[in-house]
Structure formats: C-alpha cells, structure tokens
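Undergrad: For the record, the sequence lines run as chains X and U.
FYI, the working numbering numbers position 74 of the first sequence as 74, with every residue one higher than the one before it.
To get the working numbering, take the position in the second sequence, counting from 1, and add 1000.
In case anyone wonders, no lab produced these hints; they're calculated from the structure.
The beta carbon of each residue, even a glycine, is placed where N, CA and C say it ideally should be.
Hints are not guaranteed to be accurate.
[Claimed, not checked] Lysine to aspartate or glutamate pairs mimicking EDC-like chemistry, simulated, CA-CA at most 20 Å apart:
#, chain 1, residue 1, chain 2, residue 2
1, X, 321, U, 1163
2, X, 159, U, 1163
3, X, 82, X, 113
[What the hints assert, rightly or not] On the chain X side, residues computed to face chain U include the following (Cβ under 7 Å):
#, residue
4, 10
5, 107
6, 141
7, 143
8, 144
9, 183
10, 221
11, 312
12, 323
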Amino acid sequence: MSGVLVYVEQVGGDVAAITRELLGKGRSLADALGGPLAALVIGDAAGNLAERAIAFGADTVYVVSNPALAGYTTDGYVAAAKAVVDQAKPALILAGASFQMRDFGAALATDLDAGLAADAIDVSVEGGQISAVRPSHGGNMINTYAFAAGRTAVVLARKQSFAEASEQAGRSGKVEAVALPAAAIRTQVTSVVPKSGAVNLTDAAIIVSGGRGLGNKDNYYKLIPTLAEALGAAYGASRAVVDEGWVPYEHQVGQTGKTVSPKLYVACGISGAIQHLAGMRTSRSIVAINKDPDAPIFRVATYGVVGDVNEVLPLLTEQLKARLSR
Amino acid sequence: MHIVVCMKQVPRDNSVKLNADLSINADGIEKIINLFDEYAVEEGIAWYEKHGGKLTILSLGSTEWTEQIRRALAMGATDSLLLSDPAFAGVDTLGAARVVAAAIRKLGDVDLILTGRNSTDDESGAFAPALARNLGWPQITYVGKVQDVNPATKTIVADRSLEAVIETVSSPLPAVISVIKDINSPRYPSLLKIKRVAKIDPPVWGAADLGISAADLAPAAVLSTRAPAPSRPKGEMITGGDAAAKVSALVDKLLENQVI
Chain X
1 MSGVLVYVEQ VGGDVAAITR ELLGKGRSLA DALGGPLAAL VIGDAAGNLA
51 ERAIAFGADT VYVVSNPALA GYTTDGYVAA AKAVVDQAKP ALILAGASFQ
101 MRDFGAALAT DLDAGLAADA IDVSVEGGQI SAVRPSHGGN MINTYAFAAG
151 RTAVVLARKQ SFAEASEQAG RSGKVEAVAL PAAAIRTQVT SVVPKSGAVN
201 LTDAAIIVSG GRGLGNKDNY YKLIPTLAEA LGAAYGASRA VVDEGWVPYE
251 HQVGQTGKTV SPKLYVACGI SGAIQHLAGM RTSRSIVAIN KDPDAPIFRV
301 ATYGVVGDVN EVLPLLTEQL KARLSR
Chain U
1001 MHIVVCMKQV PRDNSVKLNA DLSINADGIE KIINLFDEYA VEEGIAWYEK
1051 HGGKLTILSL GSTEWTEQIR RALAMGATDS LLLSDPAFAG VDTLGAARVV
1101 AAAIRKLGDV DLILTGRNST DDESGAFAPA LARNLGWPQI TYVGKVQDVN
1151 PATKTIVADR SLEAVIETVS SPLPAVISVI KDINSPRYPS LLKIKRVAKI
1201 DPPVWGAADL GISAADLAPA AVLSTRAPAP SRPKGEMITG GDAAAKVSAL
1251 VDKLLENQVI
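The task is simple: from the sequences and hints, build the whole structure.
TA: Pasting the structure below:
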C-alpha cells in the first residue's frame, strides 16, 4: 500500500471545489507517505475530468467509465472503486463528506475492512502514521484517530477544511482506464429531481438564520429573506421555528438539521441552544442579534448586538443595501 | 414481513465531559432514543401496521437502557432484542455494524431494516451502509419518504433527500434504509400501552451468542486523542447609541474586516 487516492467529484463538467481541496492536501500527504497522488473518476462519460485532476496535482488518474455508472448507486460506485483500489493499492483514500460520499465511503470502508473517519476536518501523516481529526458530539469533542498499519484508511473530509490546489497548466500525468467488474447493481434510481426552492445551505458563503425571537412566521418571512437578499445569502432557521412549522426542515441549522461552516453566519433572534451551536459554531465569523444579553449565542459571536430583531433587522437590511449597493 | 428497527441510546444533549481514559462521560444527562432512530421506529411501525408480521426493536448497548426500548414497544413494536456484552463496550461504528449484522443473520427472517441517518453523538452516518455491506444487502440512505414496501414483489421504493436533489430509488428486499428527520411525526405512546409493556425486558444476546470475539471488533481507526473543542475567540459586543447607531457600527466592522 502506498500513496493517496482522491475521489473526484464533478460540478458542471469540472472538478468540484472539495476535490481541489483534497488534491491540494493529498499532494502533501502522498509526499509524506512517499507514494503517488492518484485520482479516481467514476461515471458514464468522464470528459476531460482526468486532465483537470492532473492539472490540480494528480500523478495518475484511474477512470472507470461505464453506462451503468451514469448515476450514483452504492453497488456500482463501490465496485468501481474497489477495482481501482486493487490496482492502485492506496494507503489513504480521500473523498468529500456529502450525503452521497458518506453512503459511498462507509460502504467502501466496510468492504475493504478499512478504517473510516467520516466528516474529518484534518488528516496528517507523521512518520508513516496516518491520522485524521473529526468532531463529534455536536462539535463539542474533537477526536483524533490513528489508522492501524496495513489497513487502508478512508477519510471523508468536510468542505473548506483545506486550501484548494492551484492549477498547473500543461502538467502531465497518466490516465488509466479500469473496467467496471461484472457486479450486480441492485438498486435502481428512477428519478432525480432538484429540490424546489433549493437551499443548499452547506454551500452558501453567507447564511442568515432566524429563530423564535422573531415572534412569528410572518416576521420571519418579512425580515429574514430580505436581509439574506441584501447579503447575497441563503437563509436558515433554528430547530424551534422549524418545529413550530414556520419554515421547512430544509432550512434547519443544527445537530438534527444541517451542519454549516460559512464565511459569515448571522443569527437573528436565536438564543443559541447547544444543538443549534453544533451546526454553526465553525463558521468563520458569527453575528448575533438578540434582545437577551445573556443568550448563549453571544458566547460564540464575533460581533454581538443586543436588541429586538424586529427593530434591528430592517435597519440592517437598509444599511447593507445602501452600502453594498446591491 | 419482519421489520427490524435499529435504535441507539444517546445523551439528550451533547454537553458531555471526558473521562481520563478518553471515554465520554454523559453522567447526569438524560438518555434518550437517538432522534433520527425515533423516526425510523415510527416508519417501521407504520409499515408493520400495513403489512402485518413482526416489528423488532434492536439495540446495542447497556442492559440498563430498557426504558427507551419499552417506549418503542409502547409505540407499537412487537418484539425487542438487546445486544449487550462487555466485549461490545466502546465499539466503533463499523464494529457495531458487525455485531448487529451477526444478530440479523441469527434472526434469519428479516426483510427490512430501518435506522436513523446518524446518531446525534457520534454523527458518522456510517452505521447503515456498514450494516448493509456486512449483510450483503442493498441500502437506501437519507430517506425522506418511503413510497412503498411491497412484500409480494419483495421491493421497496424510497426517496433519498440529498443536499440539492431528491433521488427516487427502488431496491429489492431485504434492504437497509436510513431515514432523516422529516419523514413522519413519531407518535406518542398512550399511558395504557406504556403500562402494558412496563415489565417487559428485552432478550439479551452477547458476544458468545453471536460468535463474535473482541478481536473481530478491533477498530482500524484507533482513537488516539480526544479533547473538548476549543472555544471560539472572544467576540465583541457592539454597544452605544440607539439601534441605528449599533447597526452602523456593526456594518462598519463587517466592511473593515472584509467579512462582507
């Protein structure tokens, strides 16, 4: 076993941001392991993804291309990955931590009898020892796992954990086609429909969230989306108001909703229950607006304003519109 | 048909502490059914009520946590099974999946397994896929709606709720399904039903019953350090003046520090 294998996710025909992060981190990990940095492309038409992965640092790209791999299935993608692992024999496999990748990564780790760190925020190699860091308990505990020698390590990394690899035009590498083994794909995907009013909170750079302090559903919809619009943000909500039925579950931030880590998180009328903090405490900057000066949200806030959200938010929206000229 | 719901006991909140041996100390925090598993219990009961057969609540953990298993029985489950053994203590998610898979094989007649998308303490989301692969069964994870379970054709059709899309997937049975929060509204068991199950103790299977040794459960990812998350750097309260003045000061700060 040697080197690192990065699973290539694609967005609009190019390598996804998470893949650029993993290729960047993977490069230094592969060097530390004294092995190659390989990438894995699975799909029905790989296009120029392999070349793109090489431009971002991969030495060898293994491509498993087959009409049966047009859409993700656990059986198909795990079979394809195992065929590549047989050939590349990586010590470490890196992938993102989206729902699809968690489905894939846990299945692959089980089949390979590998070690698994899901939702990792760091991974390192020291003296040949591979370790990964992952939070648990709503982000309250930070755990480091050391992978046993001789067993493959599978690490699924949270977005924005690493710097993206920079593109090196004209970089050359090897592309190897690997055949999909004759494996039964038992599940069948019969439709894929974009979520209506899609709120991909996990991808948003700025999130404005509202909580019970808004008083009622009307105030939420009057104030939160308009502030979000002024900031070019997506909007979220606390569990309390989702359970009240003000806002669909899709918008819930917290331990039982989405875990987010945006550049800026604006918490409006949210007290900051442990389970909410679990979903947003790793945001780069946090603005909290709440009328209770003792609200726990202020303990994680970068900037805190004590005040009634129903008074503060219209002023904030107005100022931002004027000064950001949106 | 025989439906099994896998359920984990977790602390109600995550204000846990650390023991000297790096294990988690949740003393003094109420223990509850993992929230996502409670939705799996409700979903299992609904399909059991439609098709009949048997609904077994299966849990791996301490023999002390019968209260929540009884709660699931009061909600409508017909059977329960607890996997408990000193050899299982501190087992990781992949190890837990191995233990549960052995129990499912021993039960023998299971058609469908439901569980939550992840536990709210460990949060890896690896249990359902690992269980499915151990059993050699197909899996449908992050399910927001089960459209149909058909015992005659032995198929299940379910909608997976991913970050940006809904994916409809059909699978042959037996299969493993993991569910998200808004799939249903878990029922409250009636007082009468709670009373009726108050004395039921779930049968307990240990490592020997399952033919599992501690060596089978040796993790490939070994916990080496664990520490409470560092607290965030102290922030700044914007004070002085009326709401408009505070808002101006806030926007100044955000622009100055290139937050926006």
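Undergrad: Against the structure, test the hints numbered earlier, and report the numbers of the ones violated in rising order.
TA: 1, 4, 9 and 10
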